[in-house]
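Asker: Going down the list, the sequences are from chains L and S.
For reference, each letter of the first sequence is one residue, going 1 to 223 in the numbering used here.
For reference, each letter of the second sequence is one residue, going 1 to 786 in the numbering used here.
Just so you know, the hints here were simulated from the structure itself, not pulled from any lab data.
Worth double-checking, as some hints may not be accurate.
[To be verified] The list that follows gives simulated cross-link-like pairs (lysine to aspartate or glutamate, DMTMM-like), each with its CA atoms no further than 25 Å apart: (1) K775(S) with E27(L); (2) K321(S) with D361(S); (3) K732(S) with D70(L).
[What the hints assert, rightly or not] Here are the simulated distance ranges between beta carbons: (4) D193(L) with E246(S): 38 to 48 Å; (5) R34(L) with D564(S): 16 to 26 Å; (6) D123(S) with A76(L): 38 to 48 Å; (7) P25(L) with K763(S): 34 to 44 Å; (8) P25(L) with G74(S): 31 to 41 Å; (9) P512(S) with R11(L): 54 to 64 Å; (10) V756(S) with P195(L): 33 to 43 Å; (11) N239(S) with R55(L): 14 to 24 Å.
Quick reminder that beta carbons are idealized off the backbone N, C-alpha and C, glycines included.
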Amino acid sequence: MGIELTSLDQREILRYLGCREQVPPEELTREVSRCSRLLLETARPKTVWRLMELRGTHVEGTAITLMGEDIRRHLADCSQVILMAATLGPEAERLLMRSQVQDMAQALILDSCASAAIEAVCDRLEEQLRLRFQEAGRYLTDRFSPGYGDFPIGQQPELCTLLDTQRRIGLTLSASNILIPRKSVTAVLGVADTPRHRRSHGCQGCAMYEHCEMRKGGTPCGG
Amino acid sequence: MEDREKLSPFQFLDGAMGTELLSAGLPLGQRPEILCFTAPEVVADVHRRYLRAGSDVIYANTFGANAHKLAGTGYTVEQIVAQAVKVARQAAGETGALVALDVGPIGELLEPLGTLSFEQAYDLFREMVEAGAAAGADLVVFETMTDLGEVRAAVLAAQECCDLPIYVTMTFEENRRTFTGCTIPAMALTLEGLGVDAIGINCSLGPKEILPLAQELMEWTDLPVIVKPNAGLPDPVTNEYQITPEEFAREMEAFADLGVTILGGCCGTRPDFIQALTQRLAGKTPGRRQPKARHGVCCASRVAELNGVRVIGERINPTGKKRFQQALREHDLNYILERGIEQQEAGADILDVNVGLPGLDEPAMMTDVVKALQGVVPLPLQIDSSDPRAIEAGLRHFAGKAIVNSVNGKREVLDTVLPIVKRYGAAVVGLAMDEEGIPQTAEKRFEIAQRILDAALAHGIPREDVYIDCLTLTVSAQQDQARETLKAVRMVKEELGLHNVLGVSNISFGLPDRLRITENFLIQAMECGLDLPIVNPNQRQIMDAVATYRVLSGEDRDAVAYIDRFANAAPVPAAPGPAPQMEIETAIAKGLKEECRRLTVELLKSMTELEIINQRLIPALDRVGERYERQEIFLPQLIQSANASCEAFEVIKQSILSRGGESVSKGKIIVATVEGDIHDIGKNIVKVILENYGYQVIDLGRDVPVQKVVDEAIRQDVHLIGLSALMTTTVKSMAKTIQALHQSGHPCKVWVGGAVLTPEYAKEIRADFYARDAKESVDIAKQVLG
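All chains, please: the whole structure from these sequences, using the hints.
Answerer: See below:
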């Protein structure tokens, strides 16, 4: 499914860069909006999803059982599950690589823009799915990704194989199960007959987990 | 290939295997290849149905049978491939149909986007091809490929371990690129160069959408073309394919009219599709193909088509450049990459890459630079070396069609280098000189050019891939030679019809205001037929001359590029008035690079290099660091200040080099992102900041094997090592690296950083220090190295 992004949340990007309540310096705001434009021009987001029947945490018709207590709780009372994957594509990845050679300050801002962008892509897809299922009286849980809580990152290969991500959206895994291109996400959403309680993912579920200054500083944003 | 081909001008392939296996009940997410053992009859039945439908070639069920994808299935590559080929062979029986070893992508992306190295990919493919050849496959098919680098590894592996014919099909989106950005001309130029037997397009789109793509492909190749489309586009909601076998066959007929002779189906096409196709084309004659009309060189995402002037950037070359030489000695790839990016932004179409320096392992350096450049500069490369091993190393690792610079008329050079050029499908520059030196007349140079062309043709290198360099001599030393060079260029162009390369700037050596002479000579040479000038694209005047010439020659239709370049150009800034007085501390705080550079030059008049570093730069950076800690400024600004002081350090380095002094360094530090991890932005930030405190940072990159960290620490005698890991799973390799460092007995301190680390955990894995951020890394460096 193609998703077109036309803008990025500037406040969120500034927050990723460590600027929360403070008034951001003007040149930083300018850079953030310039980098946002550059990123949006470059990225070619792609998504793929698939609805499967669920028995407990076993995905019916496949050899996949989703592992861990957290995912079991997350999917409680769900009879179906949506498996999804999204990527910003290799062009954005190359832009990030190139900017790291040229100018690390810009690279850091672009990286934050890309993190905001892949989150936005996932949000948009989730929103579309949510509306579509709601019409049929079905309700979705939040997204839950391998690596959140005790849902092992080792299940990435099964998700990617099932979704045929390499052929469908050009998304692959490295030998240590890192998604490549890196600004990509895989996730599962439970589908149930009653509205689901939405909750925040906490730091581990955040796209900025790797280099969040707030978290490392011991003052997470709580978003 | 065999009798059946003689009966029909077409070779019919089969349709989807996966679609059939799924409908026979293969569970989702399971590797279909193991069915050759668990349900051989099901697989054989699919083959037989395609054979009955008229397939001349059936693909064995080996698409994903590489060691990477089979891991954990309990089967080896050899077992699966042997069994799958056997099942297909038995199904083919007496039909005379051919059995193809079917090879899909490995499933992991190659460097630089991914972590799989060219060599690893090569080995994975070789394992499959060796097994396929041993099992008696008739040909090798690489299909559904999206990465040109991966395809090259596959083709080279196949060519180097068996004699079977090779077909390659890649998968394109409607924007005419693969997912990784490879273009259709790039595929054609690269694979035809490598000498595969047929190329084409499969999967992703239906026949209708592929038709214009196939038309483009045929402009760029004379090879037989393969088309194996899906059964139309899937319904966006149900994911089901929608066209009927008859519609498919009708749409496929258009390819036959184009002259495509190898036809089949991919996802969603079933035996009845292939049957409809073979019936519809029975008795039909394929359309006549025109010889390919276009040629050039390329990297995966960009082609430099040789139908006008294409600028070759000359700046990646250590000759006469002390700073560049230092970068090579220190293996400072970043400096070299910046030279590449800079030239691309200035308008270079091709980059010359010369990394030869006495005492340096040139093949190894060429490999590293070529690999690294491809990650950040999407341009075709010209591999510039006189060492055949360095040439081969560069060509082997370049994912595209490169130029080799150079051969000359010497028999020995031609005999050594031309086979390498042919092997990798490159183009080649021939210098118009030989054992006797550089001839003084145009006619003699022309003779040598002719000889080089003949030698290249004899080695199977096509005419369009031979470029001649008629050699620029310095006009201040040999004034008459400028005319001879121009005359020779014209002769090569008009009488041999070859492309001309010329290193232009040498013309003006030793004269004042060199650019005037260089520009004028360039313009005259282009008029004589120079279409591949080797120049410094950073000189605006030179690129202006090229842009202007392109209008006058008619290449720049309607002067679109010219107008874009000049009509909206920023006005030339007024002559700078007296610069405002600013202290270097302020320039650093504000991140003003140019100011920093200028002020450092000023300071050098009254202070030594070390005094500037210790008394001015470092205290200034410290103050920026403090403001960062107080959250008055943010990380991008901290880095910007570091970048600004980096300019000051560059001036200082140059100053020291120019008086032949030892490079200034407060000590050497290794930084690396550990094995298995590829998150390197944090490590790169630390690197920038440390460098700006005067440390020499040896960056081993990302996904660095444990042993490499140990080896480099010992080899380069480094006693402070920074390791970065961003994932809980890769912190394990961090622990291993620290352990290996301790076990080696090499005296060193290790500091660690990364999102998942804590001071406690750092202690547990026996790191000496934990750094929360780049600023703390500097504190550690100061403490250890001073």
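Asker: If you test the structure against every hint from before, which numbers come out violated?
Answerer: 8
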